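Number of protein chains: 4
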Amino acid sequence: MEKDLIETRRFYHKIAEPAWMEFKTTINIIKDLRSLGIENISYGRKIHREDLIFGRPSNEKIKAYKESFDLEADFDTKEILEGYTGVIAEIDTQKPGKTFGFRFDIDAMPIRESQSVTHKPFKEGFISENPFAMHACGHDGHLSIGIFLAKWIMENKEKLTGKYILIFQPGEEGLHGGKSISESKYIQDIDYFFGAHIGMGLPSGKVGVGTTGFLASTKLDVIFRGHASHASALPEEGKNANLAAASALLNLETLAKHSKGMARINVGVIRGGTARNAISDEAMLKMETRGASHEVNDFLVKRSGEVIKGSAIQYDLDYEIKIAGQAPSIDQANYKFYDEIDSLLKTKGFDTIKSPDFKASEDVCYFINKVNEKGGSAIHFIFGSDLKAGHHNTAFDFDEKTLTTGLNVFKECILYLNKNGKS
Amino acid sequence: MEKDLIETRRFYHKIAEPAWMEFKTTINIIKDLRSLGIENISYGRKIHREDLIFGRPSNEKIKAYKESFDLEADFDTKEILEGYTGVIAEIDTQKPGKTFGFRFDIDAMPIRESQSVTHKPFKEGFISENPFAMHACGHDGHLSIGIFLAKWIMENKEKLTGKYILIFQPGEEGLHGGKSISESKYIQDIDYFFGAHIGMGLPSGKVGVGTTGFLASTKLDVIFRGHASHASALPEEGKNANLAAASALLNLETLAKHSKGMARINVGVIRGGTARNAISDEAMLKMETRGASHEVNDFLVKRSGEVIKGSAIQYDLDYEIKIAGQAPSIDQANYKFYDEIDSLLKTKGFDTIKSPDFKASEDVCYFINKVNEKGGSAIHFIFGSDLKAGHHNTAFDFDEKTLTTGLNVFKECILYLNKNGKS
Amino acid sequence: MEKDLIETRRFYHKIAEPAWMEFKTTINIIKDLRSLGIENISYGRKIHREDLIFGRPSNEKIKAYKESFDLEADFDTKEILEGYTGVIAEIDTQKPGKTFGFRFDIDAMPIRESQSVTHKPFKEGFISENPFAMHACGHDGHLSIGIFLAKWIMENKEKLTGKYILIFQPGEEGLHGGKSISESKYIQDIDYFFGAHIGMGLPSGKVGVGTTGFLASTKLDVIFRGHASHASALPEEGKNANLAAASALLNLETLAKHSKGMARINVGVIRGGTARNAISDEAMLKMETRGASHEVNDFLVKRSGEVIKGSAIQYDLDYEIKIAGQAPSIDQANYKFYDEIDSLLKTKGFDTIKSPDFKASEDVCYFINKVNEKGGSAIHFIFGSDLKAGHHNTAFDFDEKTLTTGLNVFKECILYLNKNGKS
Amino acid sequence: MEKDLIETRRFYHKIAEPAWMEFKTTINIIKDLRSLGIENISYGRKIHREDLIFGRPSNEKIKAYKESFDLEADFDTKEILEGYTGVIAEIDTQKPGKTFGFRFDIDAMPIRESQSVTHKPFKEGFISENPFAMHACGHDGHLSIGIFLAKWIMENKEKLTGKYILIFQPGEEGLHGGKSISESKYIQDIDYFFGAHIGMGLPSGKVGVGTTGFLASTKLDVIFRGHASHASALPEEGKNANLAAASALLNLETLAKHSKGMARINVGVIRGGTARNAISDEAMLKMETRGASHEVNDFLVKRSGEVIKGSAIQYDLDYEIKIAGQAPSIDQANYKFYDEIDSLLKTKGFDTIKSPDFKASEDVCYFINKVNEKGGSAIHFIFGSDLKAGHHNTAFDFDEKTLTTGLNVFKECILYLNKNGKS
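Chains as they are written, first to last, in full-length UniProt numbering: chain A, 1 to 423; chain F, 1 to 423; chain W, 1 to 423; chain H, 1 to 423.
Calculated directly from the structure, the hints in this document are not laboratory data.
Since this is a predicted model, take the numbers as computed values, not measurements.
Don't take each hint at face value.
List time: in silico EDC-like cross-link candidates among lysine to aspartate or glutamate, alpha-carbon distance up to 20 Å [to be verified]:
1) Lys120(A) x Asp318(A)
2) Lys239(W) x Glu295(H)
3) Lys239(A) x Asp298(F)
4) Lys286(H) x Glu282(A)
5) Lys260(F) x Glu400(A)
6) Lys309(F) x Asp318(A)
7) Lys260(H) x Asp357(F)
8) Lys31(W) x Glu82(W)
9) Lys309(H) x Asp316(W)
10) Lys239(H) x Glu295(W)
11) Lys322(A) x Glu50(A)
12) Lys302(W) x Glu295(H)
Full structure from sequences and hints, please.
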């Protein structure tokens with residue numbers, strides 16, 4: 001099984017695709033799931049909440065990508081190819097029991113993969129064929145574990161009880177897709193929820209149990225719209241978008257202070273104006289806020305809105321703020337459940353570490369909070385893995401043995417909770 | 001007469017008083033005018049337009065100054081001592097003719113006069129007795145010419161025709177008083193209007209005829225009101241007035257560009273906060289705009305308001321903008337009248353220069369525009385004078401011979417226009 | 001004894017004096033210590049390190065204060081009255097043993113005390129007689145405990161072993177005095193060091209043992225020196241200190257981000273310019289940095305210096321940065337010692353809380369780090385006290401029973417460590 | 001001749017090319033001049049001063065453009081195709097006389113021409129074939145006049161005296177090419193110099209004689225180089241180029257004030273950062289300064305350098321400032337010569353206007369100043385032309401009758417000065 005799992009991971013590594021354009025990826029996951037005999041597979045618009053989709057590319061961009069290749073499928077791929085990517089599969093054992101949810105992210109990053117001879121995917125021929133995307137964060141591994149977990153559940157359906165919902169989420173990078181899918185009507189009423197990430201600073205063999213330290217974060221795209229004018233001849237007729245953007249940038253970066261823990265603001269990108277001698281009529285910022293908690297992050301988002309509005313007023317401009325991505329922190333971590341699973345995994349021989357600190361944002365927290373709120377139990381793992389280069393690096397590569405470890409962690413949880421889960 | 005004129009100037013130099021606190025100055029002018037036999041002398045609230053008074057000090061400040069000395073007068077000084085300073089005197093020859101208006105400013109500057117032995121007022125004992133004020137811009141000279149012009153008119157009343165209105169205006173510095181007095185009901189329907197300034201870069205003996213280049217200007221006081229908080233322990237509870245003031249200052253200083261001529265903005269004073277470790281709850285700016293024309297200045301005032309409002313919104317603050325002073329440029333200079341007067345003065349032996357450039361602001365322009373609009377003819381002179389130090393310098397001192405020159409210019413204008421004025 | 005202790009505290013409350021001007025306070029402490037028969041009393045320049053004195057007022061200010069009263073003493077007070085305040089007393093039992101150090105801060109705050117009838121010091125007649133200072137942080141209590149601890153040591157000298165150094169430190173507020181005194185040659189080689197603060201959020205009766213959470217902090221005074229010019233007539237000749245100060249303020253406030261814990265910058269005060277129509281030739285900022293550790297605070301100080309230098313260069317100005325105060329965090333807390341003392345105090349019936357979080361800065365940390373580095377054991381207590389109003393409030397007043405509690409804590413520590421201290 | 005002149009203009013309109021890539025344009029001008037029998041034709045590196053070339057595109061860009069077409073020529077085009085564009089032709093009558101210089105700019109703008117049916121070049125089939133360039137400022141007209149002036153000089157060589165230098169300058173837009181060519185050794189010692197621009201607000205038939213109001217201007221490209229870091233996880237390791245660029249932009253825009261006349265600064269373009277969650281490691285500004293005179297412009301360039309340097313220091317960055325273009329104002333306009341030529345043209349029936357105000361920048365001023373300094377006489381004309389849309393507009397089109405007018409103006413000047421020029 002380990003060999004097949006690695007083959008599957010390498011297949012998906014080759015067809016890496018970025019957020020909302022995981023066309024080949026989604027279609028192949030469906031094919032793989034259908035080949036396992038799973039009938040209840042949902043995809044397309046119906047698994048999304050249109051109003052909660054963040055950071056979707058323009059229709060032009062989606063269309064251009066779609067037209068760059070041919071895909072055959074014996075099911076309707078229309079909505080997928082319109083950008084409604086991702087898959088939710090449900091396996092019902094038809095026996096009373098708990099509902100288990102698993103979330104696997106499937107998107108790659110918009111970077112070009114390393115072609116160095118020391119980079120294993122290149123050397124061994126499974127480098128990304130897409131020059132505009134690379135699995136540099138291990139999501140190819142995550143989704144492959146998901147497919148093999150589905151396989152194992154199907155093979156053991158007789159022995160198992162309850163229902164199993166496998167969520168293949170698009171657009172985790174940039175926190176684009178989690179909110180939309182987490183609000184999907186296809187994933188309500190989960191008793192036990194599981195998420196996981198490969199790598200994240202833990203070595204191969206180590207399993208982080210009950211990850212903490214997820215930062216609440218909001219990604220904002222800001223546009224200032226002014227009025228162009230010849231800067232020398234008619235300066236008073238211009239409405240200067242560059243000045244507003246610079247004023248906003250400087251003042252935004254002063255906001256990151258809060259008594260309730262870590263607070264961050266970054267304006268990573270600024271673009272304004274087209275001609276040296278014209279007063280700029282348009283400028284944009286790409287920014288993010290982060291906070292140790294919702295409260296801190298919400299404060300920063302609110303204050304950012306005030307700074308942006310004020311900057312627009314300073315130069316008599318129109319402005320627009322769009323959420324390009326978002327993730328919460330974990331509201332109420334279920335430490336009791338973490339302890340229970342940690343004991344289980346130790347018993348089963350795993351080398352665990354409790355509650356490792358994520359120090360970053362993940363929209364898996366939408367699922368975790370939702371499940372916890374409804375009285376379920378949610379947990380996130382880190383599947384330690386020796387890395388060749390850091391996450392998001394063009395030479396990122398993880399230890400493929402991690403795939404089996406991860407799969408086994410999920411199996412053991414299912415087996416244990418089938419037996420010991422609270423009714 | 002020259003000796004008396006100099007004596008009078010020195011008397012007023014000694015009792016220098018700043019804007020809206022020209023108490024001794026106003027009362028002594030009234031006494032002087034009454035001693036000439038002038039009956040129609042107006043002062044106090046009735047010569048002002050309450051809503052158009054700019055830059056008035058607090059009542060506390062006025063009261064404190066008033067209580068620092070005793071003043072005897074056989075007329076009612078109550079309103080003068082409440083800050084309604086200035087005098088308007090009217091001399092009616094009771095013969096048909098034109099109405100002549102003359103404006104003299106009477107305020108000193110809030111600086112301490114030089115006590116250097118090389119400074120003539122100190123050496124000869126007529127230095128300002130008021131440590132908080134000094135006549136460093138020649139207004140002591142202006143008002144003394146006014147008193148002696150009144151004397152000459154009274155002495156020549158039989159020979160003259162028409163009416164003579166002599167306006168002793170408070171608060172020219174900072175453009176505080178001109179607007180209020182110019183709208184006074186006591187100075188309507190002037191046919192010929194005259195203003196003048198001593199010095200201004202011209203040497204003794206030179207007379208500038210028909211001054212141009214007055215800059216429209218507005219003086220604004222800006223206050224930002226936020227909320228204090230411990231900067232380290234509870235930063236999110238503060239509303240930072242210092243940051244808003246700094247943002248406003250920087251962005252205000254970017255505005256001074258206009259295709260229609262000179263545009264200037266200066267934030268000369270910034271004050272914010274009281275404690276190093278507290279988020280500042282209040283900050284203020286003292287600023288000014290200047291423009292080659294009303295249009296330019298009005299544009300700058302409007303844009304300043306937007307920048308200030310935007311800065312307040314950036315930090316979620318309240319704010320207030322108060323006009324502390326204002327003066328227009330000349331709307332329509334009457335060059336034909338300037339030419340006529342220039343010819344006259346040349347004929348009478350004066351060494352004239354036509355239309356010198358003022359390069360500064362003067363609220364005498366309120367009077368000039370008003371008279372011109374109503375079809376009268378208004379003119380402003382510069383009475384050249386060798387200066388010991390520049391205007392506003394603590395060692396400023398002008399050549400006292402200038403007083404006679406100035407007085408004679410006015411006399412010749414009256415005599416000429418009594419004869420040649422259009423009916 | 002409790003009554004005398006309260007009397008003493010009230011005496012010092014009445015003569016409240018701010019940093020570096022604790023003239024009456026210092027002289028009275030010396031008198032009190034001499035009256036106990038202590039011979040080894042040091043004061044004046046020799047107990048300071050001139051180069052490490054922060055935030056000293058101008059000589060003019062010190063002189064003016066000194067001249068406002070007469071003080072008689074039968075010892076040389078000259079240097080004290082020049083601003084070298086504070087006292088170090090040493091009591092040597094002449095028996096082998098440990099060296100104990102105690103630090104008491106003696107300065108008041110530069111605020112005017114409440115004259116409300118509900119304010120006990122006013123009602124009972126021991127309100128500060130100095131309109132420019134008030135003991136609003138309990139240092140009157142600290143120093144009174146110090147005097148009575150000296151009294152007890154002298155009375156029990158026969159029973160005790162080792163040496164006792166009592167440090168009466170000037171200028172704790174603003175972190176002015178700790179560095180200078182901590183480097184004094186008079187306080188080397190301490191085996192056991194004790195500091196304490198009254199109040200700080202703990203109720204009467206509670207004793208905080210082994211305070212943590214001291215923030216490293218630096219207080220900076222920044223001056224920009226430019227060149228004045230008429231803002232409208234000759235703008236190019238000005239070097240605009242207001243613009244540099246605003247640029248510095250905005251950019252400084254963007255710096256407070258660090259991965260190693262809390263980071264803060266606040267520019268609490270900005271003052272620039274004198275005349276609305278002049279380009280400002282001078283502006284100043286009063287700012288502070290704070291960090292969870294030296295590393296964070298040092299990073300902020302370094303980055304602040306770069307922003308300030310850059311802002312000066314932007315406007316072609318000279319600038320100056322002066323340290324107005326400074327305190328470190330605790331480098332290596334001696335938790336073992338805290339546990340030992342906590343056990344002791346519990347045994348003796350005190351209601352203790354371990355390692356309370358200070359959440360502020362205190363220059364007592366200079367002493368703590370120094371003692372710890374040399375192998376000694378240092379500890380800081382919080383003597384809980386019900387407060388009428390918060391620290392630094394004009395109606396601050398603590399529960400005087402706290403004085404006895406504090407004194408007893410120190411006595412028990414001495415008795416215990418005389419017996420059990422490591423040799 | 002008028003028809004041929006129009007044909008020529010349309011030919012060059014079709015092959016529009018931007019600065020330093022006027023490959024087809026340069027080569028065709030050379031061919032045209034050779035076909036007239038002119039022997040002394042210089043081009044390539046030798047007509048330039050390498051160190052004074054501004055705004056040259058990268059070698060990659062030049063190479064890519066060169067490879068996009070084939071050009072045959074029976075002379076060496078190597079250096080032209082490396083970006084050393086432009087031509088200088090000299091016609092020597094071999095008779096004693098004056099040296100006449102004429103400058104024609106040959107570059108197009110980097111914009112795409114309008115394909116509207118109302119746009120004559122599109123309708124009549126001579127629209128630019130280069131999607132990346134369009135003659136939207138009339139330089140196609142200028143250079144065509146130049147070629148036909150050469151033709152006329154060659155045809156009338158026997159009648160004429162002296163030497164004729166025709167300068168076909170690359171890169172006038174952006175002020176790229178004037179400085180380099182004006183310093184060329186091929187154009188020294190000119191007695192009479194002529195430049196001209198079509199349109200510029202004057203109607204067809206009108207000839208502006210002795211253009212004034214050229215603004216001194218400098219175009220600067222600024223790069224800030226910092227250090228990228230994860231904005232949330234390791235903020236202290238970043239060196240934030242976006243913050244420096246915003247600080248520079250805001251502070252630069254405050255500088256445009258000068259007592260000696262119009263002063264402008266515009267930062268038309270800002271680009272910084274690549275990833276929302278990374279501290280930006282690079283940012284750039286495209287800016288320009290303008291001044292009524294060299295003095296004003298030089299002041300702004302100097303002050304800009306200080307603001308940029310200071311901003312880099314604020315964020316501990318490296319920076320680079322490159323001159324991307326530059327032009328002076330006219331140092332000493334030769335009004336006597338303007339009057340002389342104006343009289344001549346009036347006599348010859350032209351409808352002239354004296355000394356029209358250009359209100360923009362032109363690097364022809366380098367030539368004008370140089371000739372004036374050496375005692376020659378330089379003049380610039382505006383050849384009025386009814387425009388379909390303003391300069392730099394994608395639908396710009398001038399009245400082709402202007403070509404003959406312009407050519408005739410030059411001819412009359414030559415004939416007159418052959419006869420009347422000072423020896």
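Hint-by-hint comparison with the structure:
1. Lys120(A) x Asp318(A): 50 Å, violated
2. Lys239(W) x Glu295(H): 18 Å, holds
3. Lys239(A) x Asp298(F): 17 Å, holds
4. Lys286(H) x Glu282(A): Judged against 20 Å, a Cα distance of about 15 Å means the pair holds.
5. Lys260(F) x Glu400(A): Violated, at about 71 Å.
6. Lys309(F) x Asp318(A): Holds - the C-alpha atoms of aspartate 318(A) and lysine 309(F) are around 15 Å apart, at most 20 Å.
7. Lys260(H) x Asp357(F): 14 Å, holds
8. Lys31(W) x Glu82(W): 18 Å, holds
9. Lys309(H) x Asp316(W): Satisfied, since the Cα-Cα distance of roughly 11 Å is no more than 20 Å.
10. Lys239(H) x Glu295(W): At roughly 18 Å apart (the allowed maximum being 20 Å), glutamate 295(W) and lysine 239(H) satisfy the hint.
11. Lys322(A) x Glu50(A): Holds: lysine 322(A) and glutamate 50(A) sit about 15 Å apart, inside 20 Å.
12. Lys302(W) x Glu295(H): 38 Å, violated
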